[in-house]
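Just so you know, the protein sequences line up as chains A and B, in that order.
So for the first sequence, this note's numbering puts the first residue at 200; every next one is plus one.
So for the second sequence, this note's numbering puts the first residue at 5; every next one is plus one.
Derived from the structure by calculation, the hints contain no laboratory data.
Errors might be hidden in some of the hints.
As the list claims (entries may be wrong) - Derived Cβ-Cβ restraints for the label pairs, each shown as a range:
| hint | chain 1 | residue 1 | chain 2 | residue 2 | range |
| --- | --- | --- | --- | --- | --- |
| 1 | B | 175 | A | 262 | 33 to 39 Å |
| 2 | A | 226 | B | 211 | 27 to 33 Å |
| 3 | A | 219 | B | 14 | 28 to 34 Å |
Stated by the list, open to error - Listed next, the stretches of chain B that the computed footprint assigns to chain A, with coverage defined by at least 3 CB atoms under 8 Å from CB atoms of chain A:
| hint | region |
| --- | --- |
| 4 | 75 to 89 |
| 5 | 140 to 154 |
Ideal Cβ positions, reconstructed from N, Cα and C, are used throughout, including at glycine.
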Amino acid sequence: MVSVVLPELGEGIKKAVVACWHCKIGDKVSAEDDIVEVVTDKATFNVPAGTSGIIQKIVVSEGREANIGDCLAIIEG
Amino acid sequence: MSYCHFKDLGIIDYQEAYLIQKRHVEDVLKGEPQTILLCEHSTVLTMGRMARKDHILVSEDKILRQGIQIHWIDRGGDITLHSPGQLVIYPILNLNFSRRDLHDYLRKLEEVAIDLLKRFGIVANRFSPASSEAAKTGVWMGEKKIVSMGIGVRRWVTFHGLAINVNTDLKLFQWIKPCGLDVEMTSMAAIKGREVNLDDVKKTVKKSFEQVFGLEF
Numbered sequence: 200m201v202s203v204v205l206p207e208l209g210e211g212i213k214k215a216v217v218a219c220w221h222c223k224i225g226d227k228v229s230a231e232d233d234i235v236e237v238v239t240d241k242a243t244f245n246v247p248a249g250t251s252g253i254i255q256k257i258v259v260s261e262g263r264e265a266n267i268g269d270c271l272a273i274i275e276g
Numbered sequence: 005m006s007y008c009h010f011k012d013l014g015i016i017d018y019q020e021a022y023l024i025q026k027r028h029v030e031d032v033l034k035g036e037p038q039t040i041l042l043c044e045h046s047t048v049l050t051m052g053r054m055a056r057k058d059h060i061l062v063s064e065d066k067i068l069r070q071g072i073q074i075h076w077i078d079r080g081g082d083i084t085l086h087s088p089g090q091l092v093i094y095p096i097l098n099l100n101f102s103r104r105d106l107h108d109y110l111r112k113l114e115e116v117a118i119d120l121l122k123r124f125g126i127v128a129n130r131f132s133p134a135s136s137e138a139a140k141t142g143v144w145m146g147e148k149k150i151v152s153m154g155i156g157v158r159r160w161v162t163f164h165g166l167a168i169n170v171n172t173d174l175k176l177f178q179w180i181k182p183c184g185l186d187v188e189m190t191s192m193a194a195i196k197g198r199e200v201n202l203d204d205v206k207k208t209v210k211k212s213f214e215q216v217f218g219l220e221f
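Just chain B, same shape as in the assembly:
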């Protein structure tokens, strides 16, 4: 078993959380324990290395007028949106302890999300049957996407991670082409037909990481 810290950052500014991740990456590289960071962000658009500006479907002015920031960042993947009610998980894990394989790590993150959703009675899948090759990463309910992922790795220590739509306002996704795909997003609340307690989801994250990564908290 590999020891891991667990920190809930609450609702936090995107850039601030990014700097916290970077500090933890440095710590893990120095031999400090791995850490899983949880948080929510106020509404923000992030553009991964595969993102294109035309994947923002409304004018940039409209976005900025509402005080919403756009960050071009060093993760894989395309555009995504974070907003309150969405649980963002940034695992700072040392893959030197397990398997140095980017795709294996992504598949394990998907397993974490699938395991977590299952604990709430939601049976999700690794990819939509109709999806293209490029759309295979993430977790889906039929053809709707519920979990988005994009990671960064430095000397086999991970940062960035995954975003689970718990009670996210799904209308906001109309502003973008999520992950660069013509895809509809969904949330745990939309599936259950009622709001889901975010604290309960946060507690379950630990169990799912224990299950999939064999971590000890």
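Here chain A stands alone, though its shape is the one from the complex:
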């Protein structure tokens, strides 16, 4: 199992809000697929799966805040 974490988005950016999930539990994803869009005030950022597999768990739901490095989802390879 692999955790998809909120990546570094830039200097001084400590957190972002999950705007929308592009996938749901049970979906098959490829490493380069964008699985979730996060937003930090004036910018949206699409987070790729980073690994191929099945979405097993969505940890942060839409509208909730996450810190950089937090686990957003779990993928089973």
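Starting from the known structure of chain A, fit chain B onto it as the hints suggest.
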């Protein structure tokens, strides 16, 4: 220096321009050159991810009756309005070539706008002295906003961008709470006291991007 294409889409439907942006993002991800798209839109309201419906200050019916569309879109920021006379710039840039930093990119876009305005004798600033923390993005003339910004990023390739009020009909902004703020908008024409040649502004965009991003066209 990083090579970049430059395309003027003229006056174009909002959704059509959005699809063109998305195609260019795919191209850049495949290794094609970066592109800066310029255009004007017929009057349209766009709602970024931070937008709230009550930031439209007139009834939605009134807006729709005038044939004005409202688009909820995948950029950061709140509500904005596009209209003829406003220059919209969509840079499709690969930040993997420079710095993978959302805020650094936003600051550079502000620099582009400040540099451009300066070339027309307008001295603008990064934020209004009276503005709140949230209002710091964009470019201001005192407490009036002249440039609005909101971006999207996919695998560090950028889309959406900035809107510079050149000859925009500023009365239209009374319909909305621009960027979710109690703020008055201004334009290059309002500052100069006369209409500004949009083609001259378009030519200057290239110079400002060369200056700030070190791009080669």
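Hints and how they fare:
no.	hint	verdict
1	175(B) - 262(A): 33 to 39 Å	35 Å, holds
2	226(A) - 211(B): 27 to 33 Å	46 Å, violated
3	219(A) - 14(B): 28 to 34 Å	32 Å, holds
4	75 to 89	holds (count 4)
5	140 to 154	holds (count 3)
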